[in-house]
Amino acid sequence: MQIADKYSPQEIESKWYDYWIEKRLFHSEPDQREPYTIVIPPPNVTGMLHMGHMLNNTLQDVLVRRARMSGKNACWVPGMDHASIATEAKVVAMLHEKGIEKSSLSREKFLEYAWEWKEKYGGMILKQLRKLGASCDWERTCFTMDGPRTESVIKVFCDLFEKGRIYRGVRMVNWDPAAKTALSDEEVVFKESHGKLYYLRYKIEGTDKAIIVATTRPETILGDTALCVNPNDPRYASLPADARVIVPLVNRSIPVIRDEYVDIEFGTGALKVTPAHDVNDYMLGEKYGLETIDIFNDDGTINDKVGMYVGMDRFDVRKQIEKDLAAADLLEKTEEYTNNVGYSERTGVAIEPKLSMQWFLSMEELARPATKAVMEDAIRFVPEKYKNTYRHWMENIKDWCISRQLWWGQRIPAYYLPKGGYVVAPTAEEALAKARAKTGDDSLQPSDLRQDEDVLDTWFSSWLWPISVFDGIRNPDNQEISYYYPTNDLVTGPDIIFFWVARMIMAGYEYRGEKPFGNVYFTGIVRDKIGRKMSKQLGNSPDPLDLIAKYGADGMRMAMLISSSAGNDVMFDEALCEQGRNFGNKIWNAYRLVNGWSADDKAAQDDNNRLAVEWFRQTLGRALRQIDEDFRSYRISEAFMTAYKLFWDDFSGLYLEMVKPAYGQPVDAETFAATCGFFDELMRVLHPFMPFVTEEIWQDLAPRKEGESICTAPMPQPVEADERLLARFELAKEAISSVRNIRNQKNLPQKEALTLKVIADENYPAEYAPVMRKMANLTAVETVTEKDPAAAAFIVKTTQYFVPMAGKIDVEAEIGKLTESLAYYEGFLASVMKKLSNERFVQSAPEKVVMNERAKQADAEAKIAAIREQLAALK
Numbered sequence: 001m002q003i004a005d006k007y008s009p010q011e012i013e014s015k016w017y018d019y020w021i022e023k024r025l026f027h028s029e030p031d032q033r034e035p036y037t038i039v040i041p042p043p044n045v046t047g048m049l050h051m052g053h054m055l056n057n058t059l060q061d062v063l064v065r066r067a068r069m070s071g072k073n074a075c076w077v078p079g080m081d082h083a084s085i086a087t088e089a090k091v092v093a094m095l096h097e098k099g100i101e102k103s104s105l106s107r108e109k110f111l112e113y114a115w116e117w118k119e120k121y122g123g124m125i126l127k128q129l130r131k132l133g134a135s136c137d138w139e140r141t142c143f144t145m146d147g148p149r150t151e152s153v154i155k156v157f158c159d160l161f162e163k164g165r166i167y168r169g170v171r172m173v174n175w176d177p178a179a180k181t182a183l184s185d186e187e188v189v190f191k192e193s194h195g196k197l198y199y200l201r202y203k204i205e206g207t208d209k210a211i212i213v214a215t216t217r218p219e220t221i222l223g224d225t226a227l228c229v230n231p232n233d234p235r236y237a238s239l240p241a242d243a244r245v246i247v248p249l250v251n252r253s254i255p256v257i258r259d260e261y262v263d264i265e266f267g268t269g270a271l272k273v274t275p276a277h278d279v280n281d282y283m284l285g286e287k288y289g290l291e292t293i294d295i296f297n298d299d300g301t302i303n304d305k306v307g308m309y310v311g312m313d314r315f316d317v318r319k320q321i322e323k324d325l326a327a328a329d330l331l332e333k334t335e336e337y338t339n340n341v342g343y344s345e346r347t348g349v350a351i352e353p354k355l356s357m358q359w360f361l362s363m364e365e366l367a368r369p370a371t372k373a374v375m376e377d378a379i380r381f382v383p384e385k386y387k388n389t390y391r392h393w394m395e396n397i398k399d400w401c402i403s404r405q406l407w408w409g410q411r412i413p414a415y416y417l418p419k420g421g422y423v424v425a426p427t428a429e430e431a432l433a434k435a436r437a438k439t440g441d442d443s444l445q446p447s448d449l450r451q452d453e454d455v456l457d458t459w460f461s462s463w464l465w466p467i468s469v470f471d472g473i474r475n476p477d478n479q480e481i482s483y484y485y486p487t488n489d490l491v492t493g494p495d496i497i498f499f500w501v502a503r504m505i506m507a508g509y510e511y512r513g514e515k516p517f518g519n520v521y522f523t524g525i526v527r528d529k530i531g532r533k534m535s536k537q538l539g540n541s542p543d544p545l546d547l548i549a550k551y552g553a554d555g556m557r558m559a560m561l562i563s564s565s566a567g568n569d570v571m572f573d574e575a576l577c578e579q580g581r582n583f584g585n586k587i588w589n590a591y592r593l594v595n596g597w598s599a600d601d602k603a604a605q606d607d608n609n610r611l612a613v614e615w616f617r618q619t620l621g622r623a624l625r626q627i628d629e630d631f632r633s634y635r636i637s638e639a640f641m642t643a644y645k646l647f648w649d650d651f652s653g654l655y656l657e658m659v660k661p662a663y664g665q666p667v668d669a670e671t672f673a674a675t676c677g678f679f680d681e682l683m684r685v686l687h688p689f690m691p692f693v694t695e696e697i698w699q700d701l702a703p704r705k706e707g708e709s710i711c712t713a714p715m716p717q718p719v720e721a722d723e724r725l726l727a728r729f730e731l732a733k734e735a736i737s738s739v740r741n742i743r744n745q746k747n748l749p750q751k752e753a754l755t756l757k758v759i760a761d762e763n764y765p766a767e768y769a770p771v772m773r774k775m776a777n778l779t780a781v782e783t784v785t786e787k788d789p790a791a792a793a794f795i796v797k798t799t800q801y802f803v804p805m806a807g808k809i810d811v812e813a814e815i816g817k818l819t820e821s822l823a824y825y826e827g828f829l830a831s832v833m834k835k836l837s838n839e840r841f842v843q844s845a846p847e848k849v850v851m852n853e854r855a856k857q858a859d860a861e862a863k864i865a866a867i868r869e870q871l872a873a874l875k
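Using UniProt numbering, the letters of the sequence shown correspond one by one to residues 1 to 875.
It should be emphasised that the hints constitute simulated quantities derived from the structure, not laboratory data.
Where hints are given, some of them may not hold.
Stated by the list, open to error - Straight-line C-alpha distance at most 30 Å; calculated DSS-like pairs for lysine-lysine: (1) LYS287 - LYS209; (2) LYS23 - LYS90; (3) LYS733 - LYS797; (4) LYS797 - LYS787; (5) LYS120 - LYS6.
This one's a predicted model, so the numbers in the text were calculated from it and none came from an experiment.
Please put together the full structure from these sequences, using the hints given.
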């Protein structure tokens, strides 16, 4: 294979991805090797690739590719989440466009449409991940609602019910009027909202007086069943114990109750009590035996229980009721008011607290081992700061509302009996047997039982993900779960630490008796270059597929890696993708350079090349150790930057220049072999980060490599570097740089050979003299014992170097430059001495500041002396 002249990522990426798939290089089966397992955070089946997915999956791919090359049996399990609310909304919208309403369909017919939609449109994101280079074991792709996962979910529900952990009851829940379903507390996002505070007049029954009540939701007066004041509030001390008030507009008489729950300082100190539509009001209602009046339909419109505003949307009622209250002289005033309002994380609408019959999972007992695992670092959080967030939530955990009023999802396996009560069983047949046993009625038929209409919360499926993808719920002793579980790393966002991470940990200890993963790497949020969160609404989120098409997947991956570190937000700029493509181009051109050399088997390796090879071997070893350490600490961005600088600066910028043969000349075979070997190792180091360009070049290195793909080639192993050798080379490198600076300053052409003189001491790297000669284009490096005042001088650490300038410069021009420099440093020294001669400054300023001024003095005096020496020599 001959490598092309021009780097074109679009031409190589699909070729190599197809090759990897054809060779099944990402597939894993249990064997004698150490496993390395990652399960993908399953994206919604409705999802499309966005920048957050790019970040998350790039990091996962880096980890799994590196593990595969480190000799581990790497298994990255992909999959999708059925996303009950989001998917049902998509299907309902699709049907609506066809003129079909969900309400006109049977459950079975609706699910036919839903599965048809899923097969046609769902899972697009998994296809898109291939463009990124994701090395998932696609043969293992799972879906949270496929057969094995559904059976697992049902089995767990039945098990937890039998253990007494799952119960059914009427509770106040978060209701999503758009999706028409209950939500868990974790699916409610609180946002600052600007509204009004309405002051309403509740007339005291039998008097012409009124109690003023402040509320942000005047529409809920339709459900008021009491008014509450604090018994310690002097403003209401004169109210009779049996006082009652009239609900404005509704004209319902309700009791005045007294409870210290009421905040005397808020509003007027009087609280309207609506037990059906506020969780705190519900508790007051329970305490005082108040009537509960649910005023809303499931879609947020007003029902017919009160006979007012029937069928109107709740927010339309809010506008209308303000007018009606004002017209009836029952509105004291309104004020602008800002408060936190809960919104559905799924549909974005304001949630309604609502009394509803739901299924709940008791969490307290499940939380104990899961809390301990994280707090004692059995499961490591990266960054560690999220441990406190996790602990706070786990120690204040609430029971999980696991039922949803939808059709798309795993249907709750509860079956209701003809004369009341219910049984829970995994199948209808088992439910019938249980029902007959429970009732003693052997004549019961399947048609006599009615299965619960609700489905389980989607998270009730995905909390089993690390277990269920290996069929560990249905077959707990199977070979795969025993081999691959617990998984190694989980890469996810901190926004689902409660939805998913915590619950997976609970499920792991409940059903496997051990943690589901060893480490959790939390990514940050992808933001634009001015710090705004990327979103379609802001129009600041590019399509990742467009970026891949423009810059290549390797360039896109580098952009993600270079700007991210665990737990920190990513400031994304498209220029980073261009930088990534440029790096790919740098790798490409460096390889074309080396590939264009010819090797001379008879030529001996000169000292320069020998030193260069040894130096880079040590540099590579040190970088490999640093990369290893970065990966152990999950500093993935830092690991990439080390590899990036190793190639760009050390290998391409220095090493190749050191060993590059003269134009048209061969390089000795030993140096050529070492250079190709270094290229091979560098491609393997870079492969997890930039898989496509490294595969293309590695394949072209044949026959200097083994195996069918770089994917499975061994990762180079770090060796102990000779730090003294590396430090000595740095001294030589600085000397080379100084000579080059002199050329620039004196306008000396690069091709003009110079001599370098040096007063040798312990910091003179004499062994690197051959490298200095070649890299600085020197005729010789001579050791001398005296200064050469007529030469351009510089110092590296303590070693003095001189470049003779006789006959090479315009003496008059040089005298002018030196005279100008002398005047500058003399002026600078005078200003320093003025400070130091001020006794007050010396005595009162911090010692560090005074020492800094004395250092400036010494430096200026040394420079002045050197300039005067040079001027004397020139004159």
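Checked hints:
1. LYS287 - LYS209: Holds, at roughly 28 Å.
2. LYS23 - LYS90: violated (37 Å)
3. LYS733 - LYS797: Holds: LYS733 and LYS797 sit about 12 Å apart, inside 30 Å.
4. LYS797 - LYS787: holds (16 Å)
5. LYS120 - LYS6: violated (39 Å)
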